[in-house]
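Student: Letter by letter, the chains look like this.
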Amino acid sequence: MNAMKSINPVEEESRVSQYKLLENGPSKTRKMNYERIKEKLEILADAAKYDVSCSSSGSTRKNKNKGLGDSSGMGICHSYTEDGRCVSLLKILLTNVCIFDCAYCVTRKSNDIKRAAFTVQEVVDLTINFYRRNYIEGLFLSSGIFKSPDATMERLIRVAKKLREEENFNGYIHLKSIPGASDELMQEAGRYADRLSVNIEIPTKEGLKLLAPDKDHKDFIKPMKAVQQSIKQYQSEKKLIKSTPVYAPAGQSTQMIVGATGETDKDVMYSAHYFYNKFQMKRVYYSGYIPVADDSRLPALGTEVPMMRENRLYQTDWLLRFYGFDVREILNDQHQNLDMDIDPKLSWALRHLDQFPVDVNRADKRMLARVPGIGMKSVHKIIQARRYRKLNWEHLRAIGISLNRSRYFITCDSRIFESRDLTGAQIKQQIMINSTSKYHNNFSNQLSLFA
Amino acid sequence: MTTTLLYDGSFNGLMTAIFMIYDHKIKWPIIAPASREQQNLFEGNQEVITDVEKAQRVWKGFKTLSGHRDAHQVYCAFLSEIIGVENTIFDYLKMTFSHQRSPSGDYANPTVLKISQAAKMVGREKHRMEAFVRFHLIEEDVYYANVEPDFNVLPLIAKHFKNRYADQKWIIYDLKRDFGISYDLESVHEVQIDFRNPRGQRGILNTTVPDQSEALVESGSFRESEIQYRDLWNQYFKSTNIKSRKNMRLHVQHVPRRYWKYLSEKV
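Taken in sequence, the protein lines are chains Y and D. For what it's worth, my numbering labels the leading residue of the first sequence as 35, then goes sequentially. For what it's worth, my numbering labels the leading residue of the second sequence as 166, then goes sequentially.
One chain only, chain Y, in its complex shape (with noise of 0.2 Å):
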């Protein structure tokens, strides 16, 4: 404790607004200035949890001699926070100073917090000792940028390449591309993460102008890029020499703030599908806009975070990824929104009635994956249980098929079956009636605002 107070935090304070951030000393000789540590975890993983990525596979990492960790299997989730967000990671920022004053940010300059730094060291400990307790699957570090975009992502490697090389750590690395950052530096990162990614987070050129004036829409590409680019290389490279070291092995991803700037589901879906196809991204992350500033630019304080939106859009991003569904066919200039009260899948095949009723005995993958409440796991126990015998709705029923929205598009090794010529609207009905959404409240609330 006495060890503690002798290090004047207003001096610590004014160290970082000078923007620099300087190392203690050795870790090995030095106890854990556990308060002061506690403190700046307390701002700098509030600061970070606006970034909803938590995944934490898809890795290939190994543990090597004997080492500490691995992330070559499934992710997973270590806790839930009480919003039901996954804990997988430790999501920090290395310091919650920037430089930079965009208005949808809650570390933007303009805004009065308290501002607080780790040092690399501080990380680095955090990490190791968070993950031989099996708290976490590794570490997702970000920051506000200080100085410069260059000497951020050039003290963000520096923790990723400690955890590397000095403790031999195995586990998951998330690190983001700091946009401005030079491509040599993206270049060193991805050898000591897993995964990289940049934020977009305005799906419009238009949105950005409006909310964040000092940053440019090609900054956010020019890391993507870079990285794609080294993928490429890698993966090319490994086909002919097996040692290349390994280069974000679990690829890039970004996010998009959705709600903040009245763009259209259209448009928030169709730069996913940019993103998805141009970038190869992993993941697209869609976060509702949850109101950190008195902007008359932006939703007041206070606003609900728009929850229910949020998740017809990863509905969306499922059926495009895993369903094998064209952008095109689920938001167009006719539907330039999504339903709120029905998924979009359901949606789709209400005004798709044509290519329905179809035969769970005989349709292929594809269709069988278009079915309302047809899951792609309920698709492959169907396709396997199939081969030994025509299925029966209640074969359908003891295998988990749920049937409350299906029984409408499909028929089966049965006489029974819909028969009624209904119209999309009573089938919508009727699957509403019958079905109470654990959004309920939000439904009421949401659909009176958007009304």
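Don't take every hint at face value.
Straight-line Cα separation of at most 20 Å, SDA-like style, residue types lysine to any residue; simulated pairs [what the hints assert, rightly or not]:
no.	chain 1	residue 1	chain 2	residue 2
1	D	K225	D	G209
2	D	K334	Y	E73
3	D	K327	Y	S106
Some chain D residues flagged as far from chain Y (calculated, every beta-carbon gap over 12 Å) [stated by the list, open to error]:
no.	residue
4	S231
5	A236
6	S404
7	R410
8	H419
9	E430
Partner residues aside, some chain D positions facing chain Y, computed with beta carbon under 8 Å [stated by the list, open to error]:
no.	residue
10	R299
11	L397
12	M413
13	L428
In case anyone wonders, no lab produced these hints; they're calculated from the structure. In this text, all values refer to a predicted model and were calculated from it rather than measured experimentally. All C-beta atoms in this analysis are idealised placements derived from N, C-alpha and C, irrespective of residue type, glycine included.
Dock chain D against chain Y, hints included.
Tutor: Just chain D now, with coordinates in the frame of chain Y:
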């Protein structure tokens, strides 16, 4: 007339029982663990003496027909400890032997469905244990954790923890089944610890009661830094939550209450 085969509760015991059914041509067998003591007074009971060689003959024979994935499902179903699962497993093996191929994927068949459902439950619990184990550094540089899993999943998680924590000694102890797995930097062994305290109070619980945690520090079984790291973790857990998105229903769905006892952030 049915014959009840009482086995010792081990997987090899079950496989020996299945061997006996074929060997003795038992017509109406029921397999049950001897510990369950539901001995039927009117019918014949037979004790199974576990014979690893016989057991392996059955298991290997099954594995060559079914493949690794299916065999793993059956093993997981066994670990579910569901009453009567032994007989479902026997049915599954019988079907495999008589058709000379496994009925994998025939979900409309109740036996196949039961095995796949039991295996799924066990698989989920395995994954939860990989997530919810919380180590504490105790004396002799051992990372120790207590668990009380719904199913007997320690045999399934050993590999994960061995691969991950290759450079630290650890023990994961199943208080419900009173055995643990211990890694000594070389390999994983099964261990049994003779606790002095009665069941339910033994080992290390995550407690925030101040007197108790102080007592633990004094007795030397809990280092000060352990309490600090636990505290830092709790702080992190609190700070990373977004209050305006609160959704307790979803929270409890992901972290069911029965696991909270060992999660310091939830105490």
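Student: Work down the list of hints and note, for each, if the structure agrees.
Tutor: Verification of the supplied hints:
At roughly 29 Å between alpha-carbon atoms, K225 (chain D) and G209 (chain D) are farther apart than 20 Å, so this suggested pair is violated. Of the pairs offered as hints, the one joining K334 (chain D) and E73 (chain Y) is violated, with about 31 Å between alpha carbons and a cut-off of 20 Å exceeded. A C-alpha spacing of about 14 Å is found between K327 (chain D) and S106 (chain Y), which places the hinted pair at or below 20 Å, so the restraint holds. Its beta-carbon lying about 14 Å from the closest one in chain Y, S231 (chain D) satisfies the requirement of being farther than 12 Å from that chain.
Against the 12 Å criterion, A236 (chain D) stays outside the reach of chain Y, whose nearest CB is about 17 Å from its own CB. Against the 12 Å criterion, S404 (chain D) falls within the reach of chain Y, whose nearest CB is about 4 Å from its own CB. Distance check on R410 (chain D): its Cβ comes as close as 4 Å (rounded) to a Cβ of chain Y, failing to clear the 12 Å threshold; non-interface status is violated. Non-interface status of H419 (chain D) relative to chain Y is broken: a Cβ of that chain comes within 12 Å, the nearest being about 4 Å off.
Look at E430 (chain D): its CB is around 6 Å from the nearest CB on chain Y, not clear of 12 Å, so calling it non-interface is violated. Checking R299 (chain D) against chain Y by beta carbon gives a least distance of about 6 Å; that is within 8 Å, so the hint holds. This hint holds: L397 (chain D) has a C-beta 6 Å from the nearest C-beta of chain Y, less than the 8 Å allowed. Here the hint on M413 (chain D) is kept, as its CB sits about 6 Å from the closest CB of chain Y, short of 8 Å.
At a threshold of 8 Å, the smallest CB-CB gap from L428 (chain D) to chain Y is about 7 Å, leaving the interface hint in force.
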